[in-house]
Amino acid sequence: MALQDLSAEYLEESPIRFGQIRPVRSVGAASSPDSPALSWPPGLPLASSHCVPLPFPMAHGTTTLAFLFQGGVMVAADTRSSCSGLVACPASQKILPIHSHLVGTTSGTSADCALWKRILARELRLYQLRHGRRVSTSGAAKLLARMLHPFKGAAASLCYVCSDGTRLQGALFSVGSGSPYAYSILDQGVKWGLTVDQATAVAREAVYRATHRDAYSGNCVDVYRVSSEGWTRRTREDLKEEYYREEERRGRPSE
Amino acid sequence: MALLQVCGFTPYAELRGQILPAGQTHLVDRTNHYSFGTNTQEFAVPLGVDPSGFLKSCNREGGVCIDLNHGTTTLAFKFKHGVIVAVDSRASAGRYLASNDVNKVIEINPYLLGTMSGSAADCQYWERLLAKECRLYRLRNRQRISVAAASKLLCNMMLGYRGMGLSMGSMICGWDNEGPGLYYVDDQGTRLSGPMFSTGCGSSFAYGVVDSGYRDDMSVEEAYELGRRGIAHATHRDAYSGGVVNMYHMQEDGWIKVCKEDVSELIHRYRKGMF
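Here the protein sequences line up with chains A and B, keeping their order.
The first sequence begins at 0 in numbering that gives the first Met the number 0 and counts up one residue at a time.
The second sequence begins at 0 in numbering that gives the first Met the number 0 and counts up one residue at a time.
Simulated from the structure, these hints should not be mistaken for laboratory data.
Because the structure is a prediction, the values reported are computed rather than measured.
The beta-carbon is built from N, C-alpha and C at its ideal position, and this holds for glycine as well.
Take the hints with a grain of salt, since some may be wrong.
Unchecked claim - From chain A, some residues computed to sit far from chain B (all C-beta separations above 10 Å):
hint, residue
1, Ser83
2, Pro89
3, Gln92
4, Arg117
5, Ile118
6, Ala120
7, Arg121
8, Gln127
9, Ser162
10, Gly164
11, Pro179
12, Tyr180
13, Ile184
14, Val195
15, Ser227
16, Arg233
To be verified - Below 20 Å or equal to it, Euclidean Cα-Cα: the simulated DMTMM-like pairs (lysine to aspartate or glutamate) are:
hint, chain 1, residue 1, chain 2, residue 2
17, B, Lys271, B, Glu260
18, B, Lys256, B, Glu221
19, B, Lys256, B, Asp100
20, B, Lys131, B, Asp100
21, B, Lys259, B, Glu221
22, B, Lys79, B, Asp216
23, A, Lys190, B, Glu264
24, B, Lys79, A, Glu246
25, B, Lys79, B, Asp252
26, B, Lys79, A, Glu228
27, B, Lys79, A, Glu245
28, B, Lys256, B, Asp49
Required output: the full structure, derived from the provided sequences and hints.
Dropping the structure here:
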């Protein structure tokens, strides 16, 4: 009870209204105090489509990827935050654990991603406290996409969510400016029956190739694995070492 | 008039009248399609209208949209046993697929190959012009043109029309006295020599695969497989690439055409065992 009161105080407004046009409650609409009312007055656009002009170029380039295999979900990302030619942060974290069995990757404006992930984490925790069970992956994705109704889902799954509302379920995704380079490696190497070590190697190789060719991806690689026991993380690896090792392997003297 | 005389400038008409009988004007005197650029290198600049501005206006929303053929994936890499050249075969005009069976490699002569990406018209025209120049070089100098010189010729042609809306990304591959040669030439006048290049909108996909499997001391079969994989995976992800993989191998005594394989069959083979 106390926790619920606390959460009610903390949540001034329901997440659906966060940053959106406040809907006017029409007279006579039946709405329970728990769920927010969805009665939009006629003529009001459902979502604001005005684009605020950015005052300066935001951080954008990245390579993140994730795929399903027999051992769960393998997630990998680089660690470079770029700001139109400047490397703003060479050690940023693009894979954010949301709860013990849910991990999200970020691509796009770093600030937006961090904010929405925190909101999502908060909402999921509240759901868990209220309903006594965790939200599924697809439910969390749906929540992130619409900030509204979660629903029951299945085992290991992977969803791609985009800022324009697109939500796709699939077995293999890569997002960011370095994604084309990663896609071809993943298409070659990903099979359902991979062992954990093989899957890690493929994910690492894909991020490495993307960071090699894409200017906006680079520095280190983070690899996470989500399975029935929860998520595990591999030590962050500097890809510069991998480059030198490869040059040696190919017999080319590294300068 | 006096100033003209002092400068020694003789008007063309007067000069021509002295050399040739007045009256008949021969075709060879005036700029025309048959003799244009044969004696000296000439550039025909369109009068008035700015070509790149014109192209931009044509691609505006709501009006007539002229989409140039653009999408492709081509790749080439040098290794111990020569140069492998692999291209896809799809020609697209915006969203319309014009053809799935285009040959994007131009066989300039038995020891020089050129790939095409960008505007199909531009590539075909300028590379055929390059073929003509290479042949003339061979006839005039009694020895084959080097890959560096051939790519330089193409590069200079592009520079002559820089900023006028040409679109071409090509790789000139050959084997000359220096060994295997690979140059990348594009419509901006860029000319780069390197061990591996990939062009076209599917190039980023090809780069991932070829970077991963490339070794300088590969065997010939491994190199063929790498070229096939590069194009196949690129066509799988890129909508504007597809059709068949046309692969050539440039050896010391000339090029050979290795294969012409359908990408869907290749992908089916490679992705067996995936979901």
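Structure-based check of each hint:
1. Ser83: Fine: 20 Å to the nearest Cβ keeps A/Ser83 off the interface.
2. Pro89: 22 Å, holds
3. Gln92: A/Gln92 is indeed farther than 10 Å from all Cβ atoms of chain B, at 24 Å.
4. Arg117: Given that every Cβ of chain B is farther than 10 Å from that of A/Arg117, nearest at about 33 Å, it holds.
5. Ile118: A/Ile118 clear of chain B: closest Cβ-Cβ about 32 Å, beyond 10 Å.
6. Ala120: Since the minimum Cβ distance to chain B is about 30 Å, A/Ala120 lies beyond 10 Å and the statement holds.
7. Arg121: At about 34 Å from chain B, A/Arg121 clears the 10 Å cut-off, so the statement holds.
8. Gln127: 31 Å, holds
9. Ser162: 22 Å, holds
10. Gly164: The claim holds: A/Gly164 sits with its nearest Cβ about 22 Å from chain B, beyond 10 Å.
11. Pro179: 4 Å, violated
12. Tyr180: 4 Å, violated
13. Ile184: 5 Å, violated
14. Val195: 17 Å, holds
15. Ser227: 19 Å, holds
16. Arg233: Holds: least Cβ distance 20 Å, greater than 10 Å.
17. B/Lys271 x B/Glu260: 18 Å, holds
18. B/Lys256 x B/Glu221: The given pair, whose Cα atoms are some 16 Å apart, holds under the 20 Å limit.
19. B/Lys256 x B/Asp100: 16 Å, holds
20. B/Lys131 x B/Asp100: 25 Å, violated
21. B/Lys259 x B/Glu221: Roughly 17 Å between the alpha carbons, so the hint for B/Lys259 and B/Glu221 holds.
22. B/Lys79 x B/Asp216: At roughly 6 Å apart (the allowed maximum being 20 Å), B/Asp216 and B/Lys79 satisfy the hint.
23. A/Lys190 x B/Glu264: 18 Å, holds
24. B/Lys79 x A/Glu246: 17 Å, holds
25. B/Lys79 x B/Asp252: Roughly 15 Å separates the two Cα atoms, so the pair holds.
26. B/Lys79 x A/Glu228: Violated - the C-alpha atoms of A/Glu228 and B/Lys79 are around 49 Å apart, more than 20 Å.
27. B/Lys79 x A/Glu245: Status holds; Cα separation ~18 Å.
28. B/Lys256 x B/Asp49: Measuring from Cα to Cα gives roughly 41 Å; hence the hint is violated.
Checked against the numbered hints above, the structure breaks hints 11, 12, 13, 20, 26, 28 and satisfies the rest.
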